[in-house]
Amino acid sequence: MHPYIPNSDPQIQKGMLAEIPVASVDELFQDIPSSVRSEAKLHIPPKLSEMETRTYIESLLAKNQSTRDVLSFLGAGIWPHHIPAAVDAIISRGEFLTSYTPYQPEISQGMLQSLFEYQSLICDLTGMEYANSSLYDWSTALGEAARMTARVTGRDEFIVPHYIHPERLGTLRTYCEPADIRIVEVAQDRATGAVDLSDLRKKISTRTAGVYLEYPSFLGFVEEACDEISGLSRKNGSLFVMGCEPIALGALKPPGELGADITVGEGQPLGNHMNYGGPLLGIFACRGENLLRQMPGRIIGSTTTQDGEQVAYCMALQTREQHIRRGKATSNICTNEALLAIAVSIYLSLLGPSGITELSGTIAERTRYALEQIRTLHGIRAPGFDAYHYMEFTVNFDQTGKRVSAINKALLEAGIQGGLDLGKYFPELGESALYCVTEVHTHRDIDMLADELRLILEGHSK
Amino acid sequence: MKFAQAKWNEPSLDQLSEHGQIGFHASAAPVTLDLIPQKLRRSIPPPLPEISEVEVVRHFTRLSEENFGVDLGLYPLGSCTMKYNPKACDLIAASHKIQDLHPYQDEKTVQGILQLLYEASDCLAKIVGVHKMTLQPAAGAHGEYTGLMIMRAYQRDKNAADRDEIIVPDSAHGTNPASAAMAGYKVVEVPSNASGCVDTSALRAVVGARTAGLMITNPNTLGIFEHDILEVAKVVHAAGGLLYYDGANLNAIMGEAKPGDMGFDIVHLNLHKTFATPHGGGGPGAGPIGVTKALADYLPSPTVECDKGRYYLDYDRPKSIGKVRAFYGNVAVVLRAYAYILLHGAEGLETASEVAVLNANYLAQRLRKIKGFSLPLGQDVPRKHEFVLSASQLVKETGVSALQVAKRLLDFGVHPPTVYFPLIVEEAMMIEPTETVSRQELDAMVRAFGQISDEAYAGSDLPNTSPHAASVTRIDEAKANRPKTMKLTWRSGRANQ
Chain D
54 MHPYIPNSDP QIQKGMLAEI PVASVDELFQ DIPSSVRSEA KLHIPPKLSE
104 METRTYIESL LAKNQSTRDV LSFLGAGIWP HHIPAAVDAI ISRGEFLTSY
154 TPYQPEISQG MLQSLFEYQS LICDLTGMEY ANSSLYDWST ALGEAARMTA
204 RVTGRDEFIV PHYIHPERLG TLRTYCEPAD IRIVEVAQDR ATGAVDLSDL
254 RKKISTRTAG VYLEYPSFLG FVEEACDEIS GLSRKNGSLF VMGCEPIALG
304 ALKPPGELGA DITVGEGQPL GNHMNYGGPL LGIFACRGEN LLRQMPGRII
354 GSTTTQDGEQ VAYCMALQTR EQHIRRGKAT SNICTNEALL AIAVSIYLSL
404 LGPSGITELS GTIAERTRYA LEQIRTLHGI RAPGFDAYHY MEFTVNFDQT
454 GKRVSAINKA LLEAGIQGGL DLGKYFPELG ESALYCVTEV HTHRDIDMLA
504 DELRLILEGH SK
Chain S
1403 MKFAQAKWNE PSLDQLSEHG QIGFHASAAP VTLDLIPQKL RRSIPPPLPE
1453 ISEVEVVRHF TRLSEENFGV DLGLYPLGSC TMKYNPKACD LIAASHKIQD
1503 LHPYQDEKTV QGILQLLYEA SDCLAKIVGV HKMTLQPAAG AHGEYTGLMI
1553 MRAYQRDKNA ADRDEIIVPD SAHGTNPASA AMAGYKVVEV PSNASGCVDT
1603 SALRAVVGAR TAGLMITNPN TLGIFEHDIL EVAKVVHAAG GLLYYDGANL
1653 NAIMGEAKPG DMGFDIVHLN LHKTFATPHG GGGPGAGPIG VTKALADYLP
1703 SPTVECDKGR YYLDYDRPKS IGKVRAFYGN VAVVLRAYAY ILLHGAEGLE
1753 TASEVAVLNA NYLAQRLRKI KGFSLPLGQD VPRKHEFVLS ASQLVKETGV
1803 SALQVAKRLL DFGVHPPTVY FPLIVEEAMM IEPTETVSRQ ELDAMVRAFG
1853 QISDEAYAGS DLPNTSPHAA SVTRIDEAKA NRPKTMKLTW RSGRANQ
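As you go down the protein sequences, you meet chains D and S in turn.
If you're matching positions, the first sequence starts at 54 in the working numbering and goes up one per residue.
If you're matching positions, the second sequence starts at 1403 in the working numbering and goes up one per residue.
Rather than coming from a laboratory, the hints here were simulated on the basis of the structure.
Cross-link-like lysine-lysine pairs, in silico, DSS-like; alpha carbons within 30 angstroms at most:
#1 K1409/S / K1489/S
#2 K1695/S / K94/D
#3 K94/D / K1710/S
So, partial list: chain D residues that the calculated Cβ filter (under 10 angstroms) puts toward chain S:
#4 S88
#5 Y156
#6 E159
#7 A184
#8 T227
#9 D360
#10 T420
By construction, the Cβ of each residue, glycine as well, lies at the ideal position given by its N, Cα and C atoms.
Sequences are here, hints too, so could you generate the full structure?
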């Protein structure tokens, strides 16, 4: 008898087989040609009990050092944040956790209303008009956005900034290639990181479907000329796409105010664990009915019961989707990241306007503190760009004569995970690493990093 | 047992908002935004609702009570494999040794998770009979896109870039043609024969020099094993195409037959179906894909590798199609699936498939005997994990449609089957009970169908006015789609008022 398979009981099976009627379960598989029928048992590890399974997996997990075991300064697309206890408590409820896509709305109101609230909260945060109920992650949301700009404008080029997140650029390429969309890079000033507007004027043309900007940028600096970029884009008949880290929008002007036509971003920081890189949550929002009709992914709408008595929720605009439109759908996405979207709803409703202001303000304060501590170290240049930085910044070690890899190795020996080595992505930045601080980093944590860096640079590390 | 869902008539978050309330403080001391340069700073905070933690928890708890999940009862949604999700898997995934791991950590600090991913990959490859896997795709459709991009890259290398057609059966899931179109292919449909399987002569007529490949599930959407699968593979391969396996229906054949042995070149798996990871109301899922040796070099970058006990991420993959997402996949989902595999072992997985098939056949035979319902196509072959019932007789004789049967089922605490799919069956009700239901539950479902049939033939109003026991009565879905009444956020509604 298997604990999850009640009808594995031979007596029960006997009664059921008689009803079909067949003599044995095996008879139900006789239509599989013997030439493809497996003879040998699957060669996988033997069955373990619940306790043994847990013991085995935990014995391997114990080899990991999580960001609770080491003091980590990694960000770069996934960021460490405190997750209020209420978030996991609610999304662990079986009613949410074990439900399917809400195709039967009358019995799925909880999920539908929560997703409607997610869409509304994302619009409140970004200043956009419509949001879908999730895509896989920021990078695939960007891929979908580029394809959407091409569909809407009938053009075939998509402009991206030089210092784009390399994993996003990689995914964007994979999404654009079969749609024959050419990715065009616009320069960013080596000193300030600002988009080179004259280069943008050169690159933008009647072929440009969309212009994309990351906000804050992958390297932490914040573009000041969003208005000009969106203006150039609009004048050219292109769509302006902003990629955002959402907590920053508690402090920075929202994309809706800066003229974004489409906003994408990563929902992980809003109440979801890092989980070694997944699952993540792709935020996707847009403005205007025309764009709405081309939006990929599931959208939830508010309506009423047929008798008009009660507010109710259901999926809307399904004719954009694959289960109706098949080969002509706006995207192939079906399974998305709904549960993570619910986590975002819970998280944002807990924070509210003052909570998110506190949070983004705290991150701004930690960023300043970290830069103050680190930039005083001999030979270090931080940040690498002359601009306002939020949450992340580059630290350049060229003048120290040491390599990032060696410094990170020494830091790890002291229980610190240093910033992401940027060498393989942007060789022109020399020996630079991308550091991240959030509300989880105390001043003491930052002091420890600065002290350890000092010891390493002076050659005194352990 | 009488089913009744909570009816809270719950206000939305914006209606619960009360000025000055807060549910979470990010800092003990007051914080301002003074550090942010004025030019960049937002002038007013985002207009999020203001609610205490207590009220937030109550709001979402009440909403959860208005939602049906596998933990509450029968969920026989065809092709979705809504089996029970073992709690042990959730518990294991809740360790901070996974939740608080950053994907860019030093390899030395993540040996445990890399080993787990490596082992999970290895098990999945053996279950489906392929050479190598990637765990990266976030869902089935994402796996399809990844697989098709691999097909494209491979055929370009073979100077066969002019192969621009993907063939799908007329019973295929919508994602298949959608993924094919997204990957730049033209979609060609091939009809099913009288037994609901791919018509091999029709297939021969459509394959040719432009055929890139065929996408197919096996067992198919009707729950019937494609008996001629080797012939199908031969026809496609002879034409120079590749065979793609949509893993939606793998739950029927674990340990019984492997897609790799049937001639498939690319296989995707839905871990949120076959391997019981909770579907979360629509996601997260995971859609790993496996490929033959000839295609292994094209898998997305990085792959998880092992060298003398050291686990690492391999980015040195010159032929790779590149990235399909950021980082390495839905790791927390993969970990749950691996725990599920360990909890079953080879025999347990085999039992799961056997009982899934037994349950489906038992239910099919009982339901087809109920007045108004029939089991069309492939009369003489057993079903596998699922079957498609037709309510066409019922609608003709009583006016009660598959949709009304579905809505009435809600009153019995049974999540309705997938309705009106596949398109090749009239008034289709696609039913997949899975292995994790008991005979009593199946019998209760049979009784529910029986009662609904009786009601229909007696001219009762109940099927038309259902549901009665769900948190709301029948919903006006048309209103949600009409431009004048469409309301997709609480703010767009307010603007209309």
